[in-house]
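Using the sequences and the hints, build the whole thing.
So the sequence shown is residues 80 to 514, counted in the working numbering.
Worth double-checking, as some hints may not be accurate.
Said to hold, decoys possible - The calculated DSS-like cross-link candidates involving lysine-lysine, where the alpha carbons are at most 27 Å apart (straight line), are: (1) Lys356 <-> Lys141; (2) Lys105 <-> Lys382; (3) Lys101 <-> Lys382; (4) Lys292 <-> Lys105; (5) Lys382 <-> Lys316.
As the list claims (entries may be wrong) - Pairwise CB distance ranges (calculated): (6) Phe479 <-> Gln140: 20 to 30 Å; (7) Ser344 <-> Phe310: 32 to 42 Å; (8) Lys356 <-> Arg287: 39 to 49 Å; (9) Lys296 <-> Val371: 40 to 50 Å; (10) His384 <-> Met203: 44 to 54 Å; (11) His263 <-> Met203: 12 to 22 Å; (12) Lys356 <-> His475: 21 to 31 Å; (13) Asn350 <-> Val201: 18 to 28 Å.
Treat the hints as calculated values from the structure; they're not laboratory data. This one's a predicted model, so the numbers in the text were calculated from it and none came from an experiment. Glycine included, each C-beta is placed from N, C-alpha and C at the ideal position.
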Amino acid sequence: MAQNSKSTPVWHDTVLDSEQPKAPIKIGIATGIGALLWLGPYLGVNAVLLPAKVEQIIPSQKAQVVALLASAAMIVATLANIVIGGFSDLTRSRWGRRTPWIIIGSVGSLITLAWFNMSGSVPMMVISWSCYQIFLNAIVAPLLAFLQDQVAPQHRGTISSIYAFGYVIGQYGGQVVGAQFLGHVGTGILVMGFLTLLSGPVAAMIVREPSSKGMPKKSFTFNMFLQNFIFPLHNAKDFYLALFGKMMINTATTAIMGYQLYILSDYINLNTAGQQKYVSIISMILMVTAIVMSISAGPVSDKMHSRKVPVFIAALLVAVGVIFPAFTNASWSMLVYGLLAGLGMGIFFAVDQALNLEVLPNPQTAAKDLGILNLANTGSQILGPIVAAAIVTAAHGSYFGIFPVCAGLALVGGVLILFVNEHRDVQNQQEKAED
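Structure follows, in structure tokens:
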């Protein structure tokens with residue numbers, strides 16, 4: 080969105096470098112805080128409290144039930160990202176295109192998490208967890224679209240780093256907080272729900288999105304439907320390379336994170352107290368190392384004029400980190416994993432959104448397409464446990480195979496990112512879109 084000399088909002092699909100000499104720091108702060116407040120609670124539940132709740136209800140089939148919940152959630156999250164992202168792009172209201180959706184998503188997330196917390200059977204857990212995915216993704220896709228709407232290309236690495244700072248704290252800090260409630264799982268889930276409730280309102284207050292009533296309205300036609308509510312079909316090769324490359328790198332880490340509790344108990348052979356201790360320590364290592372790298376990697380990528388090289392380096396670090404516990408089941412091997420994977424994911428998250436913005440096929444469908452790309456992050460949180468469950472089941476209960484498979488996923492994902500064309504003339508695309 081650009082503004083004229085009288086500061087009257089004039090809506091465009093994108094912002095040009097010439098229109099934004101200074102980085103819009105508040106957009107980075109808003110999206111970073113918003114990400115922290117939805118991702119932290121989500122992972123506190125998904126990676127720690129959900130497995131603990133499942134173990135309380137049906138311990139003999141805990142791995143299979145976690146995989147079932149993950150499968151249902153992935154299907155729902157995929158559809159929700161596309162549909163809600165599409166409606167966000169088309170929304171015309173006094174509060175803008177994104178704000179109404181992130182508010183609805185925040186309130187709905189609290190309600191559905193409370194429902195999940197009260198669920199005492201597998202079918203009810205599947206239904207409530209799936210509904211939670213709908214509202215959670217009503218926050219995710221529109222929140223990311225603020226970056227496309229209001230950040231010029233020259234600032235995207237820097238703003239992506241600020242976003243990544245909040246994202247990383249949520250990614251790993253949520254598990255630290257969740258681990259503190261392993262003795263009171265129900266209370267922990269409710270706490271996570273109330274934190275999520277803050278995500279949309281806080282981000283909206285910082286951004287103060289202008290009215291979108293003045294934007295052109297689209298008539299409902301078949302072509303409009305194809306453009307706004309399905310996966311992109313044109314000018315999308317780099318889009319899909321980025322999507323699947325990022326998905327594989329993320330899945331390599333989330334497969335381990337999602338089964339971290341079971342790895343510590345059944346592979347590392349720790350008792351309950353030891354599990355709680357190591358979940359907290361590993362999460363802190365992951366968080367601190369990722370924060371350090373996320374702060375610096377984004378601005379460096381702006382100066383390098385490259386996103387894919389940092390992402391490939393990140394994939395290598397993740398691969399080395401996740402293979403390490405395969406060589407020994409000593410507890411310290413998981414600390415080495417945390418150190419190397421944290422460094423890699425810090426670099427990855429710092430340039431993640433900048434890479435996303437540069438492979439968008441059409442700025443007019445930014446929320447929908449960013450929502451799809453974000454499935455590489457949120458979808459991998461769901462896909463990771465599915466992959467881990469398949470490996471454990473195939474190995475008759477052994478967790479050893481998770482580590483080499485995940486290392487391979489990270490390497491393949493990094494190679495796919497190397498094929499992304501970094502020389503797309505994004506600025507010219509924006510100027511054409513404005514014309």
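*Just tell me: holds or violated, for the beta carbon distance of Ser344 and Phe310 against 32 to 42 Å?*
39 Å, holds
_Does the beta carbon distance between Lys296 and Val371 stay inside 40 to 50 Å, or does it fall outside?_
46 Å, holds
*Is Lys292 close enough to Lys105, meaning Cα to Cα at most 27 Å?*
23 Å, holds
*Could you say whether the range 39 to 49 Å given as a hint is met by the Cβ separation of Lys356 and Arg287?*
Between Lys356 and Arg287, where Cβ atoms are some 43 Å apart, the hint holds.
*Taking the beta carbons of Asn350 and Val201, is their distance inside 18 to 28 Å?*
At roughly 27 Å between Cβ atoms, Val201 and Asn350 fall inside 18 to 28 Å, so the hint holds.
*Outcome of range test on Cβ distance (His384, Met203; 44 to 54 Å)*: 51 Å, holds
_Satisfaction of hint between Lys382 and Lys105, Cα-Cα up to 27 Å_ = Since the Cα atoms of Lys105 and Lys382 sit roughly 21 Å apart, the hinted pair holds (cutoff 27 Å).
_For a C-alpha distance cap of 27 Å, please report whether Lys356 and Lys141 respect it._
Cα-Cα ~21 Å, so holds.
*For the pair supplied as a hint, Lys101 and Lys382, is the alpha-carbon distance within the 27 Å limit?*
Roughly 15 Å between the alpha carbons, so the hint for Lys101 and Lys382 holds.
*asked:* Can you confirm whether the C-alpha distance between Lys382 and Lys316 stays at or below 27 Å?
replied: 25 Å, holds
_Satisfaction of the hinted span 12 to 22 Å by the C-beta atoms belonging to His263 and Met203_ = 21 Å Cβ-Cβ, so the 12 to 22 Å window holds.
_Range first: 21 to 31 Å. Now tell me if the beta carbons of Lys356 and His475 are that far apart._
29 Å, holds
Hint compliance for this structure: every hint is met.
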